[in-house]
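Asks: These protein sequences, in sequence, are chains Y and S. The numbering used here puts the first residue of the first sequence at 1, with every later residue one more than the last. The numbering used here puts the first residue of the second sequence at 1001, with every later residue one more than the last.
Just so you know, the hints here were simulated from the structure itself, not pulled from any lab data. Any given hint could be a false lead.
[What the hints assert, rightly or not] As a list, the in silico SDA-like pairs of lysine to any residue whose alpha-carbon atoms are at most 25 Å apart:
#1 Y/Lys240 <-> S/Leu1020
#2 Y/Lys248 <-> S/Leu1020
#3 Y/Lys248 <-> S/Tyr1007
#4 Y/Lys248 <-> S/Asp1009
#5 Y/Lys244 <-> S/Leu1008
#6 Y/Lys249 <-> S/Leu1020
#7 Y/Lys249 <-> S/Asp1009
#8 Y/Lys240 <-> S/Leu1008
#9 Y/Lys383 <-> Y/Leu414
#10 Y/Lys248 <-> S/Leu1008
#11 Y/Lys244 <-> S/Asp1009
#12 Y/Lys244 <-> S/Leu1020
#13 Y/Lys240 <-> S/Tyr1007
#14 Y/Lys244 <-> Y/Leu126
#15 Y/Lys244 <-> S/Tyr1007
#16 Y/Lys240 <-> S/Asp1009
#17 Y/Lys261 <-> S/Leu1020
#18 Y/Lys143 <-> Y/Arg65
#19 Y/Lys249 <-> S/Tyr1007
#20 Y/Lys249 <-> S/Leu1008
Below, each chain spelled out in residue letters.
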Amino acid sequence: MPRAVTPPADASTEPAGLEPGSFRDPESRVFYEGDEVYRALSPDGLSDFEALGGTGLLEDERVVRTELVADGAAGVRAAREGLLVHEPAGVLRHERIPFVSYPYEWTFSMLKDAALVQLDLLLASLEHDLVLKDSTPYNVQFKGARPVFVDVGSFERIRDGEPWVGYRQFCMLYLYPLLLQAVKDVPFHPWLRGSIDGITPSQMRNLLSFRDRFHRGVFTNVFLHARLEARYADRPDQVKREVKQVFKKELFVANVRKMRKLVERLSWEPPQGVWTAYGERNSYTDDDARRKDEFVRRVATAQPWDLVWDIGANNGRYSRIAAEGAKTVVAVDADQGPVELLYRDLKQEGNEQILTLTMNLADPSPGLGWRGLERKALPDRGKPDLVLALALVHHVAIGANVPVKEFIDWLASLGSALVIEFPTREDPMVKKLLAPKRDGLHPDYELGYFERALGEAFEVERSERLESGTRVLYFARPKRG
Amino acid sequence: MTTLLAYLDPGSGSMILQILAGGVAAVAVTAKLYWNRVLRFLRIRKDEPEATKAEPAAGE
Chain Y
1 MPRAVTPPAD ASTEPAGLEP GSFRDPESRV FYEGDEVYRA LSPDGLSDFE ALGGTGLLED
61 ERVVRTELVA DGAAGVRAAR EGLLVHEPAG VLRHERIPFV SYPYEWTFSM LKDAALVQLD
121 LLLASLEHDL VLKDSTPYNV QFKGARPVFV DVGSFERIRD GEPWVGYRQF CMLYLYPLLL
181 QAVKDVPFHP WLRGSIDGIT PSQMRNLLSF RDRFHRGVFT NVFLHARLEA RYADRPDQVK
241 REVKQVFKKE LFVANVRKMR KLVERLSWEP PQGVWTAYGE RNSYTDDDAR RKDEFVRRVA
301 TAQPWDLVWD IGANNGRYSR IAAEGAKTVV AVDADQGPVE LLYRDLKQEG NEQILTLTMN
361 LADPSPGLGW RGLERKALPD RGKPDLVLAL ALVHHVAIGA NVPVKEFIDW LASLGSALVI
421 EFPTREDPMV KKLLAPKRDG LHPDYELGYF ERALGEAFEV ERSERLESGT RVLYFARPKR
481 G
Chain S
1001 MTTLLAYLDP GSGSMILQIL AGGVAAVAVT AKLYWNRVLR FLRIRKDEPE ATKAEPAAGE
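Model the full structure from these sequences, guided by the hints.
Replies: Put into structure tokens, the structure is as follows:
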């Protein structure tokens, strides 16, 4: 099932670079050798892969680039021993996804697009008598704004009388989270982060009101589903037998098509204020904005950066500037609204460079799942070589009460170069954040203190006070040793 | 379905739902074709103490 496609930062706890999140499906297992991503296949898994090879789906751009590794490659042979219960029958090599992300970090449209890729690939598979054995968004990763299906081990040959085995999982991890946000305007992120298997049918039913059952697809997929689940829970053997007698592929296809229509129609719009602010992104005319652009551009294009994190990315203005000089930019913001709009634009542009994520930096994604290793914490997915923290420190320090020094130390722990902006206490936004607080709070939020803390952890190469006088920009590199 | 070796639990109720709700809307022809089978299937279920009703829409 779910697999990450970037080696863990510290693979030493796993034998032979084993991906700790890739254990649910016994037919295949992901591991790493150097910079390469491999997948060991069981004999059945290999037969399924060979069947997949004949369909043309491996060349589909929605599926991660994959090749069968010639048998006997020494390092690979050594690595694959003991990976599966049976001796692995074959090994695949996958293209690496620049930065791994998870559904609880995606915006509404990202989860929806991942769902559509999942369903479209399932429909395409069915044409060739293949199916996807599961339906989890952890099998989808994003290259910029383009979803890519990464679990090639999920394709298998269809069996007679087999229903859509992944239907329940699709509901729990795709449909219900999307419905929660589309119908109730409640973000799905805390739920998906809190429950690796998603929302159960009965939980979802209890979240909805009587009126909600008239929303398209809700009655069948939530209310009826929860009811039937309760009714048949204690008779799995009997149900399996009977379903097999009547189930036909045509019904499978009809179910998936119906689900696709339902998902396609789901929508969520950020509040009006977000649209307004987003629309102003290119209308900055004042000198401050121009000089800030130039400051960031000068750093971004000074050297070829591999991975840039733009934390507090908002509408992505500086992510786009960073992308002029970087291979991959991860644009993170706690507010889903602007990130959603940015994703829509990037998707429209066919951007494969900027990955948009929504996450509160004062409460970043932790390690989750079995042993806390199935889903990785943010810094364990590959550290950046440049971080942009523009108009962010006041939100973290005042809004979330994180001591200024601790925030700087956390940035230093990433080991990357840094562009950071410090809005002084006189800045209108800072005043607004301080207003509801008791006088004298946040004594560490002060320019001199900030500069001392920054200077302790970083070598400041350049700084610039913007015209308005309330904002100062710094470019700094981590101190070595 | 002893040969069905999914590592994922499809869920008994979830499988039944696919029969009750799947064919009806999408393709009329298949719906007709399989509705008979659903009815036949449901007659089998009548032998059970907790027989399900033949009208799925009234299921709630």
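Asks: Of all the hints given earlier, name the ones this structure violates by number, lowest first.
Replies: Per hint list: zero violations.
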